[in-house]
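S.K.: Here is how the chains run, residue by residue.
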Amino acid sequence: MLAALLIAVAGCEDFLDINKDPNNPAEPNIQQLLPGIQRNIADILSYDFGYVGWVSAVYTHQLTTRQPEDGYLLQGSAYVVGRWYRFYADAMKEIELLIDIAEEVENTYYAGIGKTLKAYLYSVMVDLWGDIPYSEAIQKGVIHPVFDDDAAIYADLIALLEEAYTDLGTESTDPRKPGDDDIIYNGYDDDDKMDKWMRANRTILLKLYTQVRNVDNLFNQAKVDELLDTDVLIEDWSGSFIIPYGTSSSPDDRHPCFVSEYGGGQISMYISPWFYELMNGENPAILTNVVDPRIPYYFVNQKIGGAASENSPEYRNGDFISIYFGSTGKNRDHAGRATFTMVGIYPVGGKYDNATSKSSGLSTADGTGAAPMRLLTYADRLYLEAELVSVGKRTGDARALLVSAINASFEQVDEVVDLCKGTQTVPAVPGTGAYVTSVMSEYDAGSAAKKLEIIMTQKWISSFGTSHDQYTDYRRTGYPVMFDPSNASHAPGGFVTGGPDGSGPVPVQRTRDYPLSWPYYSVELTLNNNAPPQKNITTSRIFWDVVK
Amino acid sequence: MKRFAVLLALFAFVGFALQAQSVQITGNVTGSDDGLPLPGVSVVVKGTTIGTVTDVYGNYTLSVPASATTLVYSFVGMKTQEVAISGQTVINVILDVDALKLDEVVVTAIGISRQQKALGYSVVDISADEAIQRSEPDLLRALQGKIPGVEIRSSGGSPGSASRITIRGASSFYGNNEPLFVVDGIPYSNTMVETTDMDLGGGAYGSGISTLDPNDIQSMSVLKGAAAAALYGSRAMNGVVVISTKSGNASAGNKGMEVTVNSSINFESLAKFPVYQNTYGNGVDFEYQNSNGSWGARFDSMDSIPVWNDAYKEFGFGDMIPYVPQPNNVKDLFRTGYVYDNSVNIKGGTERSAVNFTASAMNNDGYIPHSSFDRYSVSAGGSTLLQNGLKVNGSVAYTNSKQIGGIFGNNQADSPEAASGFARALWLGRTWIMDPYETVNGEPMSHSPSQYDNPLWSWKHNQNITDMDRITANMQLSYDVTSWMSLSYKLGANTFHQFRKQIIDLYSRGYEGLGGIVTDDYKFTELESNFIITLNHNFGEKISVTGLLGNNINQRSSDRKAFQGKSIVVPGIYDLNNTLNVVPYGGGITQRRLIGAFGDLTVGYDNYLFLNLVGRNDWSSTLPLDNNSYFYPAASLSFLFTEAFENIRSDFFNLGKLRLSWGKVGNDAPPYYIFDVYELDLPILGQASMYTPNTGFSPSLSPEFKSELEAGTQLVFLNGKVGLDFTWYNNTSTDQILAIDVAPSSGYTAQYSNVGELNNKGVEIGLDLNPVKTFSGFEWNMYLQYTRNRSEVKSIFGDVERATIGALFGDPYVVVAVGKPYGVFYGDVNYRDDEGNLLIDPGTGLLIRSTDQDYYGDPNPDFLTSLSNTFKFKGLALSVLFDYRKGGDVYSNSIVSLLGRGVTKDTEDREKNVIIPGYYGDPNTGLPLLDGSGNKIPNVSQVAVNDLYFGESFAINSAGEWNVYDGTTYRLREVSLGYELPKSILQRTPFGGVHISVTGRNLWYWSPNIPKYTNHDMDVNGYGSSNVQGVEYSVAPSVRRIGFNLRCSF
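Chain order of the listed sequences is A and U.
For the first sequence, position 147 (counting from the first letter as 1) is numbered 147 according to our numbering, and the numbering increases by one without interruption.
In our numbering, each residue's number is its place in the second sequence (first place is 1) plus 548.
Derived from the structure by calculation, the hints contain no laboratory data.
One should not assume that every hint holds.
Capping the alpha-carbon separation at 25 Å, the derived lysine-lysine pairs in BS3-like fashion look like this [said to hold, decoys possible]:
id: 1; chain 1: A; residue 1: K20; chain 2: U; residue 2: K1090
id: 2; chain 1: A; residue 1: K358; chain 2: U; residue 2: K861
id: 3; chain 1: U; residue 1: K594; chain 2: U; residue 2: K950
id: 4; chain 1: U; residue 1: K950; chain 2: U; residue 2: K1109
id: 5; chain 1: U; residue 1: K594; chain 2: A; residue 2: K20
id: 6; chain 1: U; residue 1: K1269; chain 2: U; residue 2: K879
id: 7; chain 1: U; residue 1: K1071; chain 2: U; residue 2: K1269
Since we're looking at a predicted model, the values are computed, not measured.
For reference, chain A alone in the conformation it holds in the complex (with noise of 0.2 Å):
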């Protein structure tokens, strides 16, 4: 030892020259941030607690909470509004990353997936909360970014999507193909080459399209007509652009909501009774008596045949059980583990509602958590057909493209129960027939505005599981109808009954008005010389919130 150490003293230079990380690369490798990319995305969006897709389905009343942020509250602070930095830190960086690597080595492939993935996070990001660091944002060297205007960026990322689509369909000089790596699709398919991504790409563009349709110096007209009239389109729900999650539990590959809920010793989601009623056909200004064949596939009871709740339930509704937005009910917050209406097959691989009860509740056991991320699917992109005929950004059938949608909703579950149900035994849904006759009877019957309404209402209840979209939607149409605590007819004196089984009336209420949009995050503002003052988020408006 002592022999070792003199010699290492007369070599001072290389004695001291072992400061290179022996346990991590240096050096990326394209292939390897592809699928940590896709699943960060799926992550960031999803229902897990703290997480977009969650306080989106709060605030579209899909699922209720006793988080602070029940009531409209949303801080700065917010645990949920801190998924700001995963946006930029864990996913923006890297896809950032994967296209300076892919067109310093000209593969167009990686090029344009990685192009694509970027404008449709940053659309996200924008409908949350508007300006944002974009143009200077993940630049080496600048931690000051500048917020830019929302509608400018809207208008950059439309031309991201036709440089990814150009790039998609060129043939790369770089022999890496996307395979396995790419967890969405699989990638290059010989045979069509970047068909499934090219797809993706128009689709999204699309949505961005629709998203502006009262926005005149963005909408155009004439690319919407082409991009429908051209139909180079998702076509199939193979197409959809979905992001997989695995039966794994180590690694764990599980959607992460799954994970929560079912292997938690609690659960954070609650389903809105808002929403259960309205699908159970109890809404007396919609879908009236109307009952949705999806409930068993959406929700799971774990109270069967009236069991007794371990504690009085604050909505009791048959063997649902839930509690409501911004209540202040006494039983709100009773342990409920064994007891509430969890979610269910369909938004994140959970159980389905056989009308069995467990005694200790559900647990990972009871599902496998193979739900995909659903961004855009076929039926969504339908959906959003079916909402430019409706408001005549384009000519042709809106009728007929909802049926379309809803058969296309009704087939996406089954195809999600074919990917998660595990060793389960699930009927698929049962047919859309008489669901899509009364649908469309009160469709029929109705106003154009009813007529937008039942369409966005349709796209909400098929949305069930990936949120953050109708969050926008609702912002930008006014539809569905949501629960509100200060309106009259919704809790007559401020109080709501408490479901047919429940403990009795709820008070409820409303902390603060509608979030138009997200606060920013307060780290951000407290580092960033350029960033502006925390704004109000009941008044300020995301761009494309304007009224026509």
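Position chain U against the provided structure of chain A, taking the given hints into account.
M.R.: For chain U alone, kept in the frame of chain A given last:
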């Protein structure tokens, strides 16, 4: 550097031969105060290293060269005495007590011994007796309240858990803020290996110093300031604790053999339970519910409740059970623990050689069932003076420790490992029956098994087991080349291997009920080489010069591998092989090296003025290669003005000394902070995956520095009846290497850089009073200690106002913020009007959460003080240590839970409504609502008492500002009563000495500013030795111990 190598090689191979005629001198040394023999007195031939020490009977024998003229007798606490040799062969000496302690020798940096009078900075010397508190197996906790300038905080009552020690405040924003521990000249890693984030789960982990056997400690010095510690180099920024062990310091000349046996037993219990209310059972709004809170029906209002679940029926419970309080359900969870500590020390030798062996066993079974900490240690050391004058000494020590404890952290955290054994333990529902706690299948039973694991079940099944082996070894060669120059070389190794297994058993709420095991294997090795040339010369009568040149080479390597196995297959077998899936759980290897060259020069003038200059240059492997060298100097001055101007000395004023020093210490970066890397991730759907870390590194890092100005004085009055030691210091750390938070839109959440300035100012006072000392042998000593440190963050980075040290679920953030003390709390607050009145939501009558966050707590105490009283009479000694901490906020999840769950008497008075004082406000704007004439509207909305403690109010689910309590605490920390059997009784026994004592620790405490009946101990801290202090999430409460100790020597 090459020249050093040559010199070393020469040194190792040159033989020395010394032949001289010698004379044998024998004698006896006694003390003037009691006339008893003094063992251990150093007897040295003046100007040489030839010497010995007296044996237990005060006798010595020494062969002195014929040329020798003078013998020097020195002993701690006695005045050094020189006796001329003029032909006698027997020299008996009586040493006088040195009330002024001027000649007392203390160990300073790099093992240098210096007399107190020569020190221009504060060094605190701690004797083995103080270091070993028989009721406290943790070395650091045994020192709590005893050293001015030092703050020690415990992390709860789980055996073997880490304590945090800081000297003169924190010097680094994020880096290590604990002092360097040096044992027998070799650094002793005090790492706390954190397997799982301690807020998410994990356990009350121990830190490295827990493997050091207190029984083997001979003495400790604490080098507090930069000037004192500069010679130690890079890691001395936070001060140094220098420990000398018995086995590492065997000293020759102690003929014969002495055996000392120590045996002690202590009983431990939870120090103080909350006082529970037993009037109301579980539920809400005075109605019974099967809920966590005890806000339900009065016990006298109903007879029975449904049994919680079917599991209880297996144990003879019916469908209904009586609705009655369980007043002792918390108390009955715990047990009486114990600490057994047994050790044997054997020392012996000849004139030229000595050996010292220590073996010990410490077994601590905690008051929490199934928790324990066991430590077994053997160490051996020896020294010999060869015929050729080369002195060789060395020691080796082996320790095995095993810590078993529960899983802690925040039970609610969104983490698979979250399953705290203390999730409910102290705030059990008042009607809950905790035993039986498991079904026949081994599943946990409770009122709601999905929410928390029954603590009795949890402690039995969910465990952290840490097994640690440490070996330290060192060897030193020293040689006096001439009377004024000596050389020494020391090489040491300190290695530990820690193996941890973290088990969450099948059926726990953690790991989806499937069970999981994490193994964490950590190996650390440190090699240290020191070559030192010492020069010593007097110029004339008045000027003395001591110089030192040295070279230090240090290498630290670590290798860590952790794995996680999920889904336990066969119950009861806790091995990764018995899990379905195993994945990596972190780890990696690190290596760093450092080369240092240093010099130290002390010039003394006429024994009253001493100037000390120190300089050190380091070359570190962790800094950029082309810029890896850095230098730092220190200077200090000691002036004994009572020696310089003898006319101011009197019977009243005996001694006055002024100290002044300035020093600077530099520190390098952790390894691998220079180059950006990409990290490999677990496979995603079978696909290999990598990602970019959120923290960016920097190719241009430079060393961080801390400079410190220190001034102090030592005054002695009335022949030592009054002694005052006062120190003032002001230190500033600059250019800290830290990952500074950056706007996430930059793509990084943090970026390493040299930034920030942190200032600490403080005073340390030690007041030593000896008011009574009678001829009959009665002595009374009082020692008052006072520590006050004020830290202030001067700047962070550019305009950055605040950076996060720990983000604990977003509320609180533990931050550094410009203009604030280190580590303050920042988080959610409620709206107030411009006069500071709370705004009330008219809809609820409760508070309104502000959209902005704010600062709301400071964990740094205003000051710490302690008073120790010792009474001695003949062989009897009684000592009492009382301490007081003023301020120091604690974010306490325990207090919040006790209140929010409505279980203590604090919330018993509840059959009424209350109005929160304040004015109505608009929840959307955060502004007061105004009436028609523009006036604020006072709140008149009544709320239930329950609402004050659950919701947007003052406890559970409230803004973080309400979860912070003032940590002011009075404490009776230690009492001990000891008796040394008189020698006369022992004369006909084989014993040389017998000492028996009774000790008690943490016997009483009182925190006046917390809810009275919570009885929470504000001393405990949830984050072990990490920088996040003053935050606790359901930490195991502190311990009280009472025990007996017997020490015999033969």
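S.K.: Failing hints, ascending?
M.R.: Result: hints 1, 3, 5, 6 and 7 break, sorted rising.
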